[in-house]
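Trainee: Given the coordinates of chain A, assemble chain B with the ligands onto it according to the supplied hints.
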Amino acid sequence: MTFLLRRLAFYLVTAWAAITLNFFIPRMLPGNPVQSLITRYQGQLSTDATKALYALFGLDEDTSLWQQYLDYWGRLFSGDLGLSFTYFPTPVAEVIEQSLPWTLILVGLSTMVSFTLGTLAGAYLGWRRGRWTDALLPIGSFFSAIPYFWLGLIAIAVLAVAWPLFPSSGGWDGAFVPSWDADFIWSAVYHGALPAITIVISSIAGWMLGMRNMTVTVAAEDYVTVAHAKGLKERTVMFAYAARNAVLPNVSGFALSLGFIVGGTLVTEIVFSYPGIGYILYQGVSAKDYPLMQGVFLIITLSVLAANMLADLAYALLDPRTRQEG
Amino acid sequence: MNQPVLEISGLSVDYGYHDDAVHALRDVSLSLGRGEVLGLAGESGCGKSTLAYAATRLLPPPGLITGGEVLFHSRTGETLDLLRLPDDELRAARWDEIAIVFQGAMNSLNPVRRVGRQLTDVMAAHRPGVPMSVHKGRARELLGLVGIPADRMPAYPHQLSGGQRQRVMIAMALALDPQVVIMDEPTTALDVVTQRQIVERLIALRAELGFSVVFITHDVSLLIEMADRIAVMYAGRIVEDAPAAEIYAEPRHPYTRGLLGSFPPLRGPRRALSGIPGAPPDLASLPPGCAFAPRCPHAFARCEGERPELSGGRRLSACFLPADGPVAAVQGVAPVE
Ligand SMILES: Nc1ncnc2c1ncn2[C@@H]1O[C@H](COP(=O)(O)OP(=O)(O)O)[C@@H](O)[C@H]1O
Ligand SMILES: [Mg+2]
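Protein chains in written order, with the working numbering: chain A, 1 to 326; chain B, 327 to 663.
Chain A extracted, bound-state conformation:
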């Protein structure tokens, strides 16, 4: 228990540091970004928005830095991340709220599928090393070596254009309004299929190779030989003794990769014009939409932290040795 509490304290401190950094970064930008923004969005910004911008960049001369910092926290806790320019006058929080689920579901599900299949296949390949199944390894490495960008473009060229099985872009069919009805969900699944397949193809080999190599290593451990000598069923030896130990590094890798879902989805969403957080970030960066960028970075930071925490927790749950050391 003290172990978990200590980790929790560590993450709280880290989160505080990250959020504080997020407060200072816009203040360190040279020049007067607000003035140039106002010039760019001539007449479109309301006085409220202008004020919020001054506050964001710390150019609000009347308030002390400390007061600004407190205000920043106050706004954070009330979920106010400012207004987006690109989607003016939609608040940043709302833009994120609308795009985040797309990313979480598409990349989250694909990552889970990739991890599960890759780990199972890796355990099997490691257990039966030296047979013809080892031929799968170079094939897997080949796909993971293709830059994702290319893989996505090739998938679109082949499966959406030359042979139009899947739509080439978007998150759902424009004919529907986003809602929880069957038609819309089906349309979303259909649009998500191609990006999901490319994500799985490009990432599965990593899980597979990692798990395979760990299984080969663990299979040579004394306790696995003992398990054989005990006359346990091959399945028991493979799962409860070999794979159970071999999966530990993969599990922490998995938890960490969940943290990169939000940040690492940029290329996928650009290639497939998928309406997730990566696409939003891309738009924000192109339009110098500072409030939006700041909001997305905050989400990315927090999700990486949450994933680290999950990795710690998973490890503590799966490996009794970590629980003691703390």
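Keep in mind the hints are simulated off the structure, nothing from the lab. Small disclaimer: the values here were computed from a predicted structure and weren't measured. Just so you know, even glycine gets a beta-carbon here, dropped at the ideal spot from N, CA and C. Check the hints yourself; a few may be wrong.
As the list claims (entries may be wrong) - Residues from chain B that face chain A, not an exhaustive set, calculated with beta carbons under 10 Å:
1. Thr382
2. Ala425
3. Gln429
4. Met498
Mentor: Chain B with the ligands only, in chain A's frame:
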């Protein structure tokens, strides 16, 4: 002589293939009598562990059995040809008939499984009809036998000391009341006091439960005390095989004599330690004659060109020196260097 429980004959093992194969075992024959404690001694790297693995078909790759036979005779008079048994029958015989305590006992326990679970899983696998509560009771009893409090059942391996883990492995070996227990250097990683306790416990248990033991160690003086018979191994071959008392009183092979001089006796008067000069040969390219000849103080011309066979009836040894020759003559007076 009573019927042996385990008979190994002509067993040969290579690691690797073709010309660069390491011949780890060559034509090894040994038999283990019912209720007997057979000691297997020899310097590290001579093939002792390989023998234990090969006899139970647990050789890790690239180990390959290239010849020989291992027969197990059960209490009911049934004979199992271990090297040719189908996989499922072999699995059923493992641990139930022959249990092993491995050399790397520190790592013999699955680090993520509770100790109690590792004791009961083997019982559940071999006695599927018996309720779990019975297995748990038996596991507690076994821990008691080796002097570990039953409340350690839920512990994970890392929460036990090295000696405790070793004793858990011994308890585990006895779980199914096997007829043969092979112990591969079960105490080498431990301090002398713990080592002593474990060996004594083992001797007591053997008397109580009546299993046979193959006790593998590089420390012959330990065997002198506890074994009925000792087989000495050198470069993958048995070079001497005789009752323990006779080996101690009158070793026939110069190598055995060298081994006896390398360890302090556990009790009795101290002797000067002599050790054996030189290093064991490369098992991938052995000389045509006696493998020990280059290190042997008594080697003569014949030893270089011809390999002595293991012979001599009840007191086997593989040496050209006459039985009452120089080795026997100088026994008892350890050379001081
Ligand atoms: N996995 C392996 N691959 C290649 N050679 C091995 C392997 N295991 C053991 N050997 C070789 O076989 C010989 C006998 O080893 P081993 O049976 O472990 O000896 P001991 O138990 O007597 O110390 C050694 O020379 C060792 O180098
Ligand atoms: Mg060994």
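Trainee: If a hint holds in the structure, say so; if it doesn't, say that too.
Mentor: Hint check:
no.	hint	result
1	Thr382	holds (6 Å)
2	Ala425	holds (7 Å)
3	Gln429	holds (8 Å)
4	Met498	holds (8 Å)
Checked against the numbered hints above, the structure breaks none of them.
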